[in-house]
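Number of protein chains: 2
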Amino acid sequence: MTDLLTALAGVVDKSGLLTGDDIGRRYTDTRGHGPAGTPAFVVRPTSTQEVSGILKICFHAGRAVVPQGGMTGLVGGGAPGEGEVVLSLERMNAVEGIDDSGRTMTAEAGVVLETAQSVADDAGFMMPVDLGARGSATLGGLISTNAGGNRVIRYGMMRQSVLGLEAVLADGTILTSMNRMLKNNAGYDLKQLFIGSEGTLGIVTRCVLRLAPKPLSTCTALVGMDKFESVLSYLSLLDTKLGGGLGAFEVMWSKYYDFVRERCPNLKPPLTPDHQFYVITEFLGADPDGDADKFENLLETASSQNLIQDGVVAQSESDREDLWAIREGAGEGFRTLSPMFTYDVSMPILTMDDFGRRAEADIEGAFPGATTLILGHLGDGNLHAVISVGDGSADAHKKVNDILYGIIRDLGGSVSAEHGIGTEKRDYLNWSRTDAEVEVMRMLKRTLDPKGLLNPGKVI
Amino acid sequence: MTDLLTALAGVVDKSGLLTGDDIGRRYTDTRGHGPAGTPAFVVRPTSTQEVSGILKICFHAGRAVVPQGGMTGLVGGGAPGEGEVVLSLERMNAVEGIDDSGRTMTAEAGVVLETAQSVADDAGFMMPVDLGARGSATLGGLISTNAGGNRVIRYGMMRQSVLGLEAVLADGTILTSMNRMLKNNAGYDLKQLFIGSEGTLGIVTRCVLRLAPKPLSTCTALVGMDKFESVLSYLSLLDTKLGGGLGAFEVMWSKYYDFVRERCPNLKPPLTPDHQFYVITEFLGADPDGDADKFENLLETASSQNLIQDGVVAQSESDREDLWAIREGAGEGFRTLSPMFTYDVSMPILTMDDFGRRAEADIEGAFPGATTLILGHLGDGNLHAVISVGDGSADAHKKVNDILYGIIRDLGGSVSAEHGIGTEKRDYLNWSRTDAEVEVMRMLKRTLDPKGLLNPGKVI
Chain A
1 MTDLLTALAG
11 VVDKSGLLTG
21 DDIGRRYTDT
31 RGHGPAGTPA
41 FVVRPTSTQE
51 VSGILKICFH
61 AGRAVVPQGG
71 MTGLVGGGAP
81 GEGEVVLSLE
91 RMNAVEGIDD
101 SGRTMTAEAG
111 VVLETAQSVA
121 DDAGFMMPVD
131 LGARGSATLG
141 GLISTNAGGN
151 RVIRYGMMRQ
161 SVLGLEAVLA
171 DGTILTSMNR
181 MLKNNAGYDL
191 KQLFIGSEGT
201 LGIVTRCVLR
211 LAPKPLSTCT
221 ALVGMDKFES
231 VLSYLSLLDT
241 KLGGGLGAFE
251 VMWSKYYDFV
261 RERCPNLKPP
271 LTPDHQFYVI
281 TEFLGADPDG
291 DADKFENLLE
301 TASSQNLIQD
311 GVVAQSESDR
321 EDLWAIREGA
331 GEGFRTLSPM
341 FTYDVSMPIL
351 TMDDFGRRAE
361 ADIEGAFPGA
371 TTLILGHLGD
381 GNLHAVISVG
391 DGSADAHKKV
401 NDILYGIIRD
411 LGGSVSAEHG
421 IGTEKRDYLN
431 WSRTDAEVEV
441 MRMLKRTLDP
451 KGLLNPGKVI
Chain B
1001 MTDLLTALAG
1011 VVDKSGLLTG
1021 DDIGRRYTDT
1031 RGHGPAGTPA
1041 FVVRPTSTQE
1051 VSGILKICFH
1061 AGRAVVPQGG
1071 MTGLVGGGAP
1081 GEGEVVLSLE
1091 RMNAVEGIDD
1101 SGRTMTAEAG
1111 VVLETAQSVA
1121 DDAGFMMPVD
1131 LGARGSATLG
1141 GLISTNAGGN
1151 RVIRYGMMRQ
1161 SVLGLEAVLA
1171 DGTILTSMNR
1181 MLKNNAGYDL
1191 KQLFIGSEGT
1201 LGIVTRCVLR
1211 LAPKPLSTCT
1221 ALVGMDKFES
1231 VLSYLSLLDT
1241 KLGGGLGAFE
1251 VMWSKYYDFV
1261 RERCPNLKPP
1271 LTPDHQFYVI
1281 TEFLGADPDG
1291 DADKFENLLE
1301 TASSQNLIQD
1311 GVVAQSESDR
1321 EDLWAIREGA
1331 GEGFRTLSPM
1341 FTYDVSMPIL
1351 TMDDFGRRAE
1361 ADIEGAFPGA
1371 TTLILGHLGD
1381 GNLHAVISVG
1391 DGSADAHKKV
1401 NDILYGIIRD
1411 LGGSVSAEHG
1421 IGTEKRDYLN
1431 WSRTDAEVEV
1441 MRMLKRTLDP
1451 KGLLNPGKVI
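Protein sequence lines correspond, in order, to chains A and B. Using the working numbering, the final residue of the first sequence is 460, and nothing's skipped along the way. Using the working numbering, the final residue of the second sequence is 1460, and nothing's skipped along the way.
Misleading hints may appear alongside valid ones.
With beta-carbon atoms standing in for the labels, derived distance ranges [what the hints assert, rightly or not]:
#, chain 1, residue 1, chain 2, residue 2, range
1, A, Glu296, B, Glu1364, 37 to 47 Å
2, B, Arg1442, A, Gly20, 40 to 50 Å
3, B, Ser1136, A, Arg357, 25 to 35 Å
4, A, Asp99, B, Glu1114, 34 to 44 Å
5, B, Glu1328, A, Asp99, 25 to 35 Å
6, B, Thr1336, A, Gln305, 36 to 46 Å
7, A, Gln305, B, Pro1288, 15 to 25 Å
8, A, Pro450, B, Gly1452, 17 to 27 Å
Here are the simulated EDC-like pairs of lysine to aspartate or glutamate, each with C-alpha atoms no more than 20 Å apart in a straight line [claimed, not checked]:
#, chain 1, residue 1, chain 2, residue 2
9, A, Lys227, B, Asp1100
10, A, Lys445, B, Glu1439
11, B, Lys1445, A, Glu439
12, A, Lys241, B, Asp1322
13, B, Lys1294, A, Glu437
14, A, Lys241, B, Asp1100
15, A, Lys56, B, Asp1322
16, B, Lys1294, A, Asp287
17, A, Lys56, B, Glu1439
18, B, Lys1214, A, Asp239
19, A, Lys56, B, Asp1435
20, A, Lys294, B, Asp1293
21, A, Lys294, B, Asp1287
22, B, Lys1294, B, Asp1319
23, B, Lys1241, A, Glu439
24, A, Lys241, B, Asp1122
25, B, Lys1451, A, Glu439
26, B, Lys1056, A, Glu437
27, A, Lys241, B, Glu1437
28, A, Lys214, B, Asp1239
29, B, Lys1268, B, Asp1354
No lab work stands behind these hints: they were computed from the structure. Glycine residues also receive a C-beta, built at the ideal position from the N, C-alpha and C atoms.
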């Protein structure tokens, strides 16, 4: 232990190595997602070379290393095990540059999303990925979880933004694949290995991200609909007529909308509670003079086709924020729910109505009086469920997991759409993946991390 | 040999196994890209199970297997070695279905691109990827080379279209990852291993592709520009103002345009030959009534900013085809060039002017009187070069390779943007990739194909 500490102290500066009481809650607080042990040390490198030095030492010593970004993950992917070494990328937080003609940003892994968004904005571009944890989540964390968020239907997941990256392998080998081009077919695309693998195959230290042109207009509406078929037709209408400009298509099932009306007094849901589905759609356009009319005309078309029964269009940025708050700001309501289990699943869009009905029926069958709230990124095939049942025991949680993931398995869906597997969903990985798939994952893990030292116990 | 033949005959039907003189030129014609030997057999399975059966037999016999699609590759990736077993996917050519709400197509690997495009079109959607070889290239080939083409700036490479796939590993293991959702973070994204790895890690047998909404309008223009900086500004203008609708941004250097005027009498280049760059831009829109005006207004803006010196806008589909023919239909001219070496490279867009100048100067310095024609998908960071020098000897070819790829190495570019590595570029892979990258590629190859039987000698 002392040898290890001495060796690590030779790699990072004094403030780069924390032990004992100096290890703050930042490094162990998983916000309820997975148990965390007490790390032996926290190492805070300032360069890829230092990360390499740390991993070499740990590789030779056979010590497990847990990489950490902003600790906003929702599946326990950053939770340290007892006595493990935490490697925090928080000090690698420089945006290295913007290439205007290539529309790229080069940055270190510890850059906070909001900072990257601001730098991109100042340069006249937009970071494609956005999500609620923007104030803490880091680029490295977004890459290692292949984060999604609210604009996936338009810009894809984080994977689609990553042109290049630098990662350090378990033995300290630095793998620099800082490609800046949209096209590069020179051999295997190695960066894909590190995107979405939650730090179990290598630690991402730097990246090249593709930026998007900044939208010049934003139009947002909330509509109420009575039939699931109408939701699908409305999605298809916007998808076709907005020329790729559909930026969000978020659906709230009626029970969620009712819940917001009853439990979130600070929110202002403007529509009556008598619809089956409530849909927030956002059009990101490039014609500030004509886009609002275009958007309202489409809503009128949808209304004349009897797809939507009621609706409001945001007339100001403040209106827009109020509409999004119905979808994203229900935290105060959730705090009245205890226990509360949350889910992030994906499935073919056509099966979502079935999913909603079965989830409500099966959970209320097993737990009379249960609360089952469903909402999410319908346009991406991704729903979230918030479920409050029973006594909050591990048994109850497992029973709800088995019900929910059982339906997902039947529908050919995935137990994780955008949050990852971490420790929380590890037991259910094979409900969405075949034995052959899991075995190939294990083969990759053994190949790249033969001693099993990188983020052990996560994913597989 | 007889044992192997007997075993294979037990897996496929009579027309699924070709030997001797029954092996047609289809299986050995690489159209000048890489030498081809005479295959021992050609096996033509009709299902994933048959592919698995074939690979199991070859694995136990230690026989090399070369997967083949439409044989339109440009780097020798499908060329059989002497005595190897060719596995042609040509009989696995069924489109299995379209999911309207998920906007996906499920298909077998041997489906020809044009067929897939037509099925998508009939269903009201568009296949995102398009390229000249659409009449022969297959989905499996497009996936295994991560094909690009003319619409990458809008829709990405083939990788971006693949939601799921099924592949068979070297030992016959069937890996079914037929994900249909935009989001699926359940463990490592294994499909990425098989996209762009040219059949060296597994053989793709089926796929799920994401389709695009069909554009409702197409506007095309050819403009002439005098300065490279203007090309960049024009790209930025369209990128910003077309709201994601920029479908193509193709640039031809002046020597290429002059070449077309002189050597391609069937083409009709409408602009005078006194510009430095000729740019074809295409706007794929969703507003048939307003898009033409919007596009012409943008061209006027570019003209008033002195970015473009001359230009024509297609007024009909026939006009549009004539403009694209200048970019794509120079085959008759190329046939007057002998020898002819062709290149597919990528680099940061900002460095392209430098690339063009250095390529012309260095090649003409080494080979006085050389022809150096440059054109390509500038918006994607991807250029092609057509070079005619010397006597066409292997020495001359190597010298041109060394010059071109040397410049690319200096500029931080890639020796392959969209064609792959195959056999043709294998010796230059490490001009674009670090030793660490190549070693990780080898690790993956050893892990997934421990006997080195899948498409041996390709890529690495």
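Hint check against the structure, violated hint numbers in rising order: 1, 3, 6, 12, 13, 15, 23, 27, 29
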